[in-house]
Amino acid sequence: MAKLKTTLIAATALIAVAGCSKKRPAELPPPPSETPPPAQTMPENNGTVGNTVVPGSAADFRQSVSSDTIHFATDQSDIDPEARAILDSQAQWLAKYPNVRITIEGHCDERGTREYNLALGDRRANAAKNYLAARGVDASRINTISYGKERPIALGSDEASWAQNRRAVTVVIE
Amino acid sequence: MRFATLWKLMAAFAFATPALAQTATMPPSSAPQATPPGQTNGPLQVEITGGAGAPTPIAIPPMPTTQAVSTAAGSTDVLGEKLAGVITDDLRNSGLFSPVASNLLRRVTVPEVTAPAFDYWSTTGAQVLVEGYVRANGDGTLTVGCYLYDVYAKTELTRQGFVVSPADWRRAGHKCADTVYTRLTGEGPYFDSRVVYVSETGPKAHRIKRLAIMDQDGANHRFLTNGQSIVLTPRFAPNRQSIVYMSYVNKQPSIYIYDIGSGQQRLLVRGDRLTFAPRFSPDGRYVLFSMAVAGNTDIYRISASGGSPQRLTSSPGIDTGGSYSPDGSRIVFESDRSGAQQIYVMNADGSGQHRISFGGGRYATPVWSPKGDLIAFTHIGGTFQVGVMSPDGGNEKLLTHGWQDEGPTWSPNGRVIMFFRTTQGGRGTSDLWSVDKTGVAERKIPTPLDGSDPAWGPLRP
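Keeping their order, the protein sequence lines are chains F and Z. Once you know that position 83 of the first sequence is 174 in my numbering, the rest is easy, because the numbers rise by one and skip nothing. Once you know that position 192 of the second sequence is 232 in my numbering, the rest is easy, because the numbers rise by one and skip nothing.
Since the hints were made in silico from the structure, they are not lab data. Predicted, not measured: the structure shown is a model, and the values here were computed from it. Glycine residues also receive a C-beta, built at the ideal position from the N, C-alpha and C atoms. One or more hints might be untrue.
Computed beta-carbon distance windows for the label pairs [what the hints assert, rightly or not]:
#, chain 1, residue 1, chain 2, residue 2, range
1, Z, R306, F, T194, 23 to 31 Å
2, Z, G412, F, D229, 48 to 56 Å
3, F, A225, Z, Q281, 42 to 50 Å
4, Z, S355, F, S180, 30 to 38 Å
5, F, I264, Z, I248, 22 to 30 Å
Model the full assembly from the supplied sequences, consistent with the hints where possible.
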């Protein structure tokens, strides 16, 4: 489940693919055009073509929203104010690209038992999904999956690590 | 001397087809037969009182062979030494026996097996003596004879013989150890059994997890999956032919039934919901499992051959981890409907749900003992500890003292609990451990890599 690493370029503007890139792209870009390419055409390099980020791509999502991850209190699945702000940012982006589908991954810290944590991760993913749906994102665009405690991102056995691991991550499906 | 001719065993690769260890009638020894247990002036009985009694000293010399014959498992004289080792390890690891030092185990001849030198053995401090022999039969099988003696009373306590294919030689050792163990403790047997678990390796952020199966003493270890997908919580079917488990293959966390003999598996619950925490019913006809629907997890039951799930719980809390009582009439499970994880019991049809855990802290992963008298669980309170309680919630006892001891599973005789222990920090790992239900004999189970989610299978016939 490791997310593909992308080489995000610092440029904030979305640049139409017009043969202006400095590096030779892996695939030939479409002929120069005024309109950006549709969000669904995803080249193998994960949403980037040369130095540009393809609108509606996973790379675009990650650099556009305030965060792809919200966090939770111990044993809780409540969406706190900070999480709300992050999900609002995600909802805004998702409104711009109505054909984009997402998976929300629910995760837990290591201080729970195996099966309960699978259920709690599912609860967290669905809490985020329900919030996004209430903000106008069609529920049929949202998959959920729980990883329980199987995929921590912080490895220590301390409060700081555990807090990082109690999370729901929104991933654009490409 | 000739023994009764028995069935020729199937040529078994031990994993693919479960070969049977046939018993063979053994002639009585020259020692007087001891009075059967339960009668007055009865023979030696091992005291099992809360682990306070000292282990019983026992002598298990290498087994001689009638004639050194080369077999597929090695020469019979070498097998005789190894068999004594298997028996010694089983009995020592139970925590109830203290094997006499090997330098005191003098060589025994075949005639001596049925006419023990009690005067010598009493000088070793042994209270009981296990003698046996190995014989290559003309048809390719092996016969292993097993005699148990009371050294002080100079009586024969029991005897049994086992006919096995060479590939199954260790099973003869486990059967002999079980014969000794059951005769002296009054408990059921458990040494001739296997364990399925999740073998772990790799970094904490991305563990490589593979299903694996092994004998309960760690021998005959084999991997069943290749580690490309996360696999969790495997459990044996009661007939030992298949394993039910949860896999993330295709990023669809689902429950599969894996046939050990063929290596084939099938999806058990159709649909795209998260399904997990599967367990067979004692009669093998059903599988309990948990399913998450719109963020709420409940316990369901499905026929082991598939079909429509039947819902058993419907609380707004997380209900998971169902485990049947051995008679199949009740189910113990965990639920956070009260606000935090606690243990509940219900009838097999879902009625009569009531909480049984009321100690401090939280309670999870309940598992009903095959004897029916106890429920093992994980207690969460700062650390995770494995414990046991009666089915009404009384007599609670915490057994282990690691940082995270989790996921108990019972031996077939309801006496020993295997679990996994995780250590702290970024380099923390999980390993399999076991402990007696009284809390004694806590020990690490040898595995080639790390391990978690053990499930102890039924006794092999």
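Each hint, compared with the structure:
no., hint, verdict
1, R306(Z) x T194(F): 23 to 31 Å, "26 Å, holds"
2, G412(Z) x D229(F): 48 to 56 Å, "51 Å, holds"
3, A225(F) x Q281(Z): 42 to 50 Å, "48 Å, holds"
4, S355(Z) x S180(F): 30 to 38 Å, "34 Å, holds"
5, I264(F) x I248(Z): 22 to 30 Å, "25 Å, holds"
Violated hints: none; the structure is consistent with every hint.
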